[in-house]
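Peer 1: Chains as they are written, first to last, in the working numbering: chain A, 1270 to 1381; chain B, 145 to 259.
Source of the hints: derived by calculation from the structure; they are not laboratory data. Heads up, a few of these hints could be off.
[Unchecked claim] Derived list of chain B stretches under chain A, where covered just means 3 residues or more per stretch with a C-beta under 8 Å from a C-beta of chain A:
1) 211-220
2) 245-258
[Unchecked claim] Derived DSSO-like pairs: lysine-lysine, alpha-carbon spacing no greater than 27 Å straight-line:
3) Lys1337(A) with Lys1321(A)
4) Lys1346(A) with Lys1373(A)
5) Lys1321(A) with Lys201(B)
6) Lys1329(A) with Lys1346(A)
7) Lys1373(A) with Lys1337(A)
8) Lys157(B) with Lys1337(A)
[Unchecked claim] A few chain A residues facing chain B, derived, Cβ under 8 Å:
9) Tyr1308
10) Lys1318
11) Gly1366
Just so it is clear, CB atoms sit at the ideal spot from N, CA and C, and this is done for glycine as well.
Now for the letters of each chain:
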Amino acid sequence: GDSVTQMEGPVTLSEEAFLTINCTYTATGYPSLFWYVQYPGEGLQLLLKATKADDKGSNKGFEATYRKETTSFHLEKGSVQVSDSAVYFCALSDMTGYALNFGKGTSLLVTP
Amino acid sequence: KAGVTQTPRYLIKTRGQQVTLSCSPISGHRSVSWYQQTPGQGLQFLFEYFSETQRNKGNFPGRFSGRQFSNSRSEMNVSTLELGDSALYLCASNGGMSGLGETQYFGPGTRLLVL
Chain A
1270 GDSVTQMEGP
1280 VTLSEEAFLT
1290 INCTYTATGY
1300 PSLFWYVQYP
1310 GEGLQLLLKA
1320 TKADDKGSNK
1330 GFEATYRKET
1340 TSFHLEKGSV
1350 QVSDSAVYFC
1360 ALSDMTGYAL
1370 NFGKGTSLLV
1380 TP
Chain B
145 KAGVTQTPRY
155 LIKTRGQQVT
165 LSCSPISGHR
175 SVSWYQQTPG
185 QGLQFLFEYF
195 SETQRNKGNF
205 PGRFSGRQFS
215 NSRSEMNVST
225 LELGDSALYL
235 CASNGGMSGL
245 GETQYFGPGT
255 RLLVL
């Protein structure tokens, strides 16, 4: 079945460092891909998404490109801030589009 | 526009009891999905409702059930609670019509502790 694999955390970075969180997927067909972020004590917020191959999603300085050839959707940010500390989830939609299959999540801590 | 709301936010139950959680979607959204989040299993899809009909279901035992009302509000019920049901239960809503790529909007969750 469909699955998402993302790098294990926690990831600790200094402020202004470059961030990469790897995400690869296995799926039949052509799923949509998402990155969600969860701040402590809160629900999930959509960070960005891509619905077809070679699409680049971007938001708040974060970017990810849907790479069908490598089945990847890596999250990147050029300069992280302390406020980016959160748990990041990579996800894909199933064939119906209404069920999300999530990775295990990657905890990010950014220190001043 | 108000976001997805879930009640209650916190709940403590004992084994064998049943529990009902409630979710109010964003106004105009007709699809409501439920997810279970645990440290061990991560985020897992429970089921999705659209126009009062279950349209999609994850791999959970029959103790987990749900329903949706004509105003799109949804409830999920867990009967005969087990310790392993302790989790954060998240509800998400979307328009329900566009299919692939449609954004799911999540509520803050209900944290259930089973003793």
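Peer 1: Please list, smallest to largest, the hint numbers that this structure does not respect.
Peer 2: 1, 8 and 9
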